[in-house]
Amino acid sequence: MATKTPEQINDDLLRPLSGISGRYALSAALLAGVAVAAFCAFFYQAYTGLGVSGLRWPVFWGFYITNFVFWIGLSHAGTLISAILRLSNATWRRPVTRCAEVITVFALSIGAMFPIIHLGRPWLAFWLFPYPSERRIWPNIHSPLLWDFFAINTYLIASVTFLLLPIIPDMALVRDRAAGLRKKIYRALALGWTGTPKQWHRLETAMHVMAIVVIPVAVSVHSIVSWDFAMAPVPMWHSTIFAPYFVCGAIFSGIAALLLAMALLRKFLHLEEYLLPIHFENLGKLLLVMSVLWFYFIFAERLTTWYGNSVGEMPVFWATQHGSYAPLFWTMMFCNFLIPVPILAIRKLRSITGTAIASFTIVIGMWLERFLIIVPSLSHKYLTYSWGTYRPTWVEITITAGTFSGLALLYMIFSKVVPIISIWELKVGLRQVPHSARIIVEPKEVGAD
Amino acid sequence: MAHRWGMVIDLDRCTGCEACVVACRAENNIATVGEEQAGLSRAKHWIRVERYYEGEFPDVKVKFQPVLCQQCDAAPCETVCPTFASYHTGEGLNGQIYNRCIGTRYCANACPYEVRFFNFFNPVWDKPLHLQLNPDVSVRTVGVMEKCTFCVQRIKAGEIQAEAEKRELKDGEIRPACVQSCPPEAMVFGDLNDAESRASRLANSRRRTKLLAELGTRPKVTYLQRDSWHGDENA
Amino acid sequence: MPIPPAIYGLFPDPDSAERGMNALNRAGISPRRIVVMSAEPFDGYSFTQMDERTPMPWLAPMGGLVGGILGFLLARLTQEAYPYPLITGGMPLLAAWPTGIITYECTMLGAVLATVATLLISTKLPNWKPKLYDPEVSHGKILIGVLDPSDAARPEIENRLRGAGAEKVKIIGVSPAS
Chain A
417 MATKTPEQIN DDLLRPLSGI SGRYALSAAL LAGVAVAAFC AFFYQAYTGL
467 GVSGLRWPVF WGFYITNFVF WIGLSHAGTL ISAILRLSNA TWRRPVTRCA
517 EVITVFALSI GAMFPIIHLG RPWLAFWLFP YPSERRIWPN IHSPLLWDFF
567 AINTYLIASV TFLLLPIIPD MALVRDRAAG LRKKIYRALA LGWTGTPKQW
617 HRLETAMHVM AIVVIPVAVS VHSIVSWDFA MAPVPMWHST IFAPYFVCGA
667 IFSGIAALLL AMALLRKFLH LEEYLLPIHF ENLGKLLLVM SVLWFYFIFA
717 ERLTTWYGNS VGEMPVFWAT QHGSYAPLFW TMMFCNFLIP VPILAIRKLR
767 SITGTAIASF TIVIGMWLER FLIIVPSLSH KYLTYSWGTY RPTWVEITIT
817 AGTFSGLALL YMIFSKVVPI ISIWELKVGL RQVPHSARII VEPKEVGAD
Chain B
340 MAHRWGMVID LDRCTGCEAC VVACRAENNI ATVGEEQAGL SRAKHWIRVE
390 RYYEGEFPDV KVKFQPVLCQ QCDAAPCETV CPTFASYHTG EGLNGQIYNR
440 CIGTRYCANA CPYEVRFFNF FNPVWDKPLH LQLNPDVSVR TVGVMEKCTF
490 CVQRIKAGEI QAEAEKRELK DGEIRPACVQ SCPPEAMVFG DLNDAESRAS
540 RLANSRRRTK LLAELGTRPK VTYLQRDSWH GDENA
Chain C
14 MPIPPAIYGL FPDPDSAERG MNALNRAGIS PRRIVVMSAE PFDGYSFTQM
64 DERTPMPWLA PMGGLVGGIL GFLLARLTQE AYPYPLITGG MPLLAAWPTG
114 IITYECTMLG AVLATVATLL ISTKLPNWKP KLYDPEVSHG KILIGVLDPS
164 DAARPEIENR LRGAGAEKVK IIGVSPAS
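If you read the sequences in order, they're chains A, B and C. My numbering numbers the first residue of the first sequence as 417 and each following residue consecutively. My numbering numbers the first residue of the second sequence as 340 and each following residue consecutively. My numbering numbers the first residue of the third sequence as 14 and each following residue consecutively.
Please note that a few of the clues may not be correct.
Claimed, not checked - When the alpha-carbon atoms are kept at most 30 angstroms apart in a straight line, the in silico DSBU-like pairs for lysine-lysine are as follows:
hint	chain 1	residue 1	chain 2	residue 2
1	A	K420	A	K701
2	A	K843	C	K144
3	C	K142	A	K600
4	C	K144	A	K599
5	C	K144	A	K600
6	A	K832	C	K144
7	C	K137	A	K614
8	B	K509	B	K495
9	C	K183	A	K420
10	A	K614	C	K144
11	A	K614	C	K183
12	C	K183	A	K599
13	A	K599	C	K181
14	A	K600	C	K137
15	C	K183	C	K144
16	A	K599	A	K701
17	C	K181	A	K420
18	A	K843	C	K181
19	A	K843	C	K142
20	A	K600	C	K181
21	C	K144	C	K181
22	A	K832	C	K137
23	A	K832	C	K142
24	B	K400	B	K549
Just so you know, these hints were derived from the structure itself, not from any lab.
The whole structure should be built from the sequences, with the hints applied where relevant.
The following block contains the structure:
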């Protein structure tokens, strides 16, 4: 990479923006098909009633809230990690930050759709907005769902900004090389960027401020998602460990999603010379730390529950340890800890393929983790008479599949519109010469005096 | 002083006949959901009679426990509702305003007694059942939660009647459908702020228990139950 | 707004741009009339050391303060807006914990919005009007020029830019007859 000239970097990273291959069109069409099916399923559900889902008394939350927590968790890939790497001035971050921030924006948008999808009357979702309505009633700030509303909107605005600001100079870059209609579009997207020192300086200052602000916001978002559960007196929900446990799980699944996305981008956009083994190596180490930390949290949670031996909690505990949810629980333990830890801990296995495999199992495992937090608790609440079960229907499965392909599709479209690696930041990274060491030779001036 | 409605259920009297369940359904326009949906446990029973078995066959004892909304003073269902569909009325009831409900079902998850029910589909009444709908009770639509109201329509009617006649409400004048229909008179409804009401006196019985009292929800339904410590004493 | 007359040189690398800048400075050209454009920030070079003072790090917390106050008021006042108190769960109508959470999120939102607003206003973005620019900048060239040069100074500026290592020198907005 060090041998590349700025012009070669431009060519390499702008190549994906020009032209669409047959393979791209086919996979985009397939993904769009699944996403459209999910939309149809949702409208069918909204028209008929939630009865077409598998929800029932007493399991009133199922796949939808699992997906909500999963996607919001995944959104911690980007902005949070990118902000930490920016603030710690990790030079290797440069090719990674943008593909991470994109995951945040799309995963968060998809995640934020689920509380609406799961509503009994989704057309009234706007009643959560604090606005002076004719009903003379404002939302109830005591409800954790309202905290969600504020936290997710703040995080969404912050992460969209965090993604878009460094894109402006790259849009100017595309603008200057495009022609015709494309030039007009990119001219609009570049906002009239010219690259004066003032613009650069303000942009970098803004990114620095944003990086500081976005970290506590990200932590608060997943804490509040955990409080959706912890604020209710439900066995194994009503726990003080939930906020840090959820934040840890969110970062864990976020890094896994980022590594998976990077591996795919590297292969399909031919970024072998930009997304290097060192990036997978470094993020893989981070993933290893998070995997161990996640195990520590679940161990602490289970140990406390087991010793506490509370009448309300033990049925949930046993249902997951060796009851009807045990197969899922032990699959989760394999996916989140037993498989990834050896892969990520042994240097030889911590290759690009290795980290991608570990990330894949972790993404599955973390989806199961959210399911196992929600459903076993709801189906084993205090009165044994009210114990129940849950089985998803095709509606929930289609909508779930639709969001996965929706994310992939959005990601594909984005990588065709915007360079997926921040070009200007990459170039800055190549010029890591300390200023004090620089000597400027002044040739004799011509025509002066 | 405002009323504070409460109920006492004597489990030693309950025969498990489920007359309360039927009466509640007729009074409150609770739609049946059909065999298939009931099999998915989507039936709506504002009051249900839980059956618990003690002992080994053939020496089995059955215990019945009618469970309805406990009208908690510290109700977990109320705080979690983002739209105030679920809130505390001035008379201490857990109000459920169907028009405000957007169907997050959060209240149902937070409720430890599982007495909240969701309308998975629009309710239908097979003919001629549609002719017996109670005009005093609103019919719920798809996507909203519903639950026991202590027959708030009867409470309001009684209060309005007493006010029109310029008199105090008499104890026992207001009776929710379940209380009215209970053959062994196991259920007593009354004002807990009136220390002399029958419900207040029974609620102080030495046989008193509260369902899941350890959760701190402060229910206003009291169960009376003989146990080995208190012997046969009746209040 | 028409593009102002200008003369500028395109430099291939930051070191020659640095020399070009020094040459203009020595010619006594007011720094206010010098324009620089580049495809990278080039932190640490003196030709980018202009307009570095910004109140942004102060405006962000100020925005946070405003957002926090608004969030606090939203959480407090709206609970009392209904004709009778809507009590839930035996909690006080105005409880500190949830009010704190809403206040916190609004504080952060205020800081974000203040930062973005400061950025857009201070850099005058978005601005799609035609202005002095050269697409060569996108190809890695560094543009250093002088706005509105007097006719007399123009040859000297051109010489200095070339002498410092400018690959091209362009003159715009001046009719050839003058």
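To see whether the hints hold, each was checked on the structure:
1. Between K420 of chain A and K701 of chain A the CA atoms are separated by roughly 28 angstroms; this keeps the pair inside 30 angstroms, and the hint holds.
2. For the proposed pair K843 of chain A and K144 of chain C, the alpha carbon gap of about 26 angstroms is at most 30 angstroms, so the pair holds.
3. For the hint pairing K142 of chain C with K600 of chain A, the CA-to-CA distance comes to about 13 angstroms; that is within 30 angstroms, so the pair holds.
4. For the given pair, K144 of chain C sits about 16 angstroms from K599 of chain A by alpha-carbon distance, which is consistent with the 30 angstroms threshold.
5. At roughly 16 angstroms between alpha-carbon atoms, K144 of chain C and K600 of chain A fall within 30 angstroms of each other, so this suggested pair holds.
6. The hinted pair formed by K832 of chain A and K144 of chain C meets the criterion: a straight-line CA distance of about 29 angstroms does not exceed 30 angstroms.
7. Taking the CA atoms of K137 of chain C and K614 of chain A, the gap is near 10 angstroms; set against the 30 angstroms cutoff, the hint holds.
8. A threshold of 30 angstroms between alpha carbons decides the hint, and for K509 of chain B with K495 of chain B the separation of about 14 angstroms falls inside it, so the pair holds.
9. A threshold of 30 angstroms between alpha carbons decides the hint, and for K183 of chain C with K420 of chain A the separation of about 29 angstroms falls inside it, so the pair holds.
10. For the proposed pair K614 of chain A and K144 of chain C, the alpha carbon gap of about 16 angstroms is at most 30 angstroms, so the pair holds.
11. The hinted pair formed by K614 of chain A and K183 of chain C meets the criterion: a straight-line CA distance of about 22 angstroms does not exceed 30 angstroms.
12. Note on K183 of chain C and K599 of chain A: the hinted pairing holds, with a Cα-Cα distance of about 23 angstroms set against a maximum of 30 angstroms.
13. Simply put, K599 of chain A and K181 of chain C have alpha-carbon atoms about 25 angstroms apart, close enough for the 30 angstroms limit, and the pair holds.
14. Distance check on the hinted pair: K600 of chain A and K137 of chain C sit about 20 angstroms apart at the alpha-carbon level, within 30 angstroms; holds.
15. Distance check on the hinted pair: K183 of chain C and K144 of chain C sit about 15 angstroms apart at the alpha-carbon level, within 30 angstroms; holds.
16. A C-alpha spacing of about 42 angstroms is found between K599 of chain A and K701 of chain A, which places the hinted pair above 30 angstroms, so the restraint is violated.
17. The straight-line distance between the Cα atoms of K181 of chain C and K420 of chain A is roughly 24 angstroms, inside the 30 angstroms bound, and the hint therefore holds.
18. For the hint pairing K843 of chain A with K181 of chain C, the CA-to-CA distance comes to about 23 angstroms; that is within 30 angstroms, so the pair holds.
19. For the hint linking K843 of chain A to K142 of chain C, the alpha-carbon distance of about 28 angstroms falls within 30 angstroms, and the restraint holds.
20. Between K600 of chain A and K181 of chain C, the direct Cα distance comes to roughly 27 angstroms. Compliance with the 30 angstroms bound is thereby established for this hinted pair.
21. With a C-alpha separation of about 19 angstroms, the suggested pairing of K144 of chain C with K181 of chain C holds against the 30 angstroms cut-off.
22. With a CA separation close to 28 angstroms, the supplied pair K832 of chain A and K137 of chain C stays within the 30 angstroms bound.
23. For the given pair, K832 of chain A sits about 27 angstroms from K142 of chain C by alpha-carbon distance, which is consistent with the 30 angstroms threshold.
24. For the given pair, K400 of chain B sits about 22 angstroms from K549 of chain B by alpha-carbon distance, which is consistent with the 30 angstroms threshold.
Figure legend: structure checked against the earlier numbered hints; the only hint not met is number 16.
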